[in-house]
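Trainee: Sequence:
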Amino acid sequence: PPEPGATWQAGAWARDRPADAALMRELAAVPYGIWLNDQDVRAKVAAAVGKGGVPVFVADYLPGGECLPRGAKTPAAYLDWTRAVAGQIGDNPAVVILEPDSLAKVPGTKECTMEGTERDRLKLVSEALDVYKSHPGIAVYLDGAQKDWPAMTDMTRRLVGAGIDRADGFFLNVQSFARTEAVVRYGTRLSTCVDQLRHGRTGCSQHRVGDVTGLPRFVVDTSRNGRGGWSPPAKYSDPQTWCNPPGRGLGPRPTTQTGEQLVDAYLWINRAGTSNGHCRRGTQGDKDPERGVVAPPAGTWWGALALERAKLADPPLG
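Residues 159 to 476 in this note's numbering are what the sequence shown lists, from first letter to last.
It is possible that part of the hints are untrue.
Stated by the list, open to error - Only pairs whose alpha carbons sit at most 27 Å apart, straight line, appear in this in silico DSS-like list of lysine-lysine: (1) Lys-291 to Lys-268; (2) Lys-268 to Lys-231; (3) Lys-268 to Lys-202; (4) Lys-291 to Lys-209; (5) Lys-291 to Lys-202.
It should be emphasised that the hints constitute simulated quantities derived from the structure, not laboratory data.
All chains, please: the whole structure from these sequences, using the hints.
Mentor: This is the structure in structure tokens:
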């Protein structure tokens with residue numbers, strides 16, 4: 159379905175801001191990931207499956223997901239929810255992006271001090287993977303986090319422990335703005351490391367490999383990486399480069415024609431026009447010092463941000 163925020167924005171600006179409205183219509187037409195993050199997902203799944211094609215669903219209901227007190231109340235409730243989602247997709251072809259940050263922010267590790275253990279998190283992700291893969295039409299990608307974070311050795315171990323052998327691959331860059339080329343290079347190295355660990359070898363090549371036969375494949379979120387990451391001024395004690403960074407643009411459009419041996423697709427997993435929440439960058443007050451305004455809550459559509467990214471899209475929209 160069309161991106162709802164961009165569709166609404168195009169209508170709101172149609173009379174007084176026709177050029178901006180046209181950009182929003184272009185943005186609305188780009189296929190995007192459908193986030194499933196509450197108990198009532200039947201309508202979302204039914205609408206996407208009914209459109210034909212191959213919908214991309216983002217499962218985001220893990221207990222303690224993103225190292226926050228959110229998601230399902232218990233592992234058992236989460237697996238019940240997972241079975242319901244998978245059952246509704248049924249025999250239809252679909253892609254499931256399985257829990258962004260689930261292997262990056264693991265409870266009981268330096269990335270997440272929430273109570274829990276890596277073993278329990280990997281077990282739960284692995285069980286959810288098996289639920290989806292019991293439906294042959296569902297392709298599942300595990301969390302590969304982002305370029306250079308967390309440490310590659312940690313991500314390699316977690317991907318193997320979560321069942322990368324049974325998945326269709328991993329995904330990268332959902333919470334980041336790194337340029338596509340850099341992410342592809344990183345993903346190729348990570349794939350090499352995973353392959354070596356699952357075959358009982360330690361260490362991994364830091365160079366692009368020639369023969370990629372049998373290596374894990376991956377997809378890249380290109381929704382917001384057209385201009386690469388933000389280089390903040392030194393004045394901020396906590397620049398929050400991930401949080402509504404200024405001057406960023408939409409990236410390459412979704413496609414399976416990537417020209418890269420290991421990359422199954424470029425996808426717009428994140429919604430390109432939604433806020434990351436309040437970004438104080440280590441300063442006092444609620445305003446973002448880079449923008450001079452208080453940003454909308456996390457996950458909220460933000461027309462000004464969407465327009466900025468649409469205008470700075472690389473390649474351009476249209």
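Trainee: Hint by hint, note whether the structure agrees.
Mentor: Now for the hints, and whether the structure bears them out:
Only pairs whose Cα atoms come within 27 Å are accepted, and Lys-291 paired with Lys-268 is rejected, the gap being roughly 31 Å. In summary, the hint linking Lys-268 to Lys-231 is supported, as the alpha carbons are separated by about 23 Å, within the 27 Å threshold. Note on Lys-268 and Lys-202: the hinted pairing is violated, with a Cα-Cα distance of about 35 Å set against a maximum of 27 Å. Restraint check: the Cα-Cα separation between Lys-291 and Lys-209 comes to about 22 Å, which is no more than 27 Å; the hinted pair holds.
In summary, the hint linking Lys-291 to Lys-202 is supported, as the alpha carbons are separated by about 20 Å, within the 27 Å threshold.
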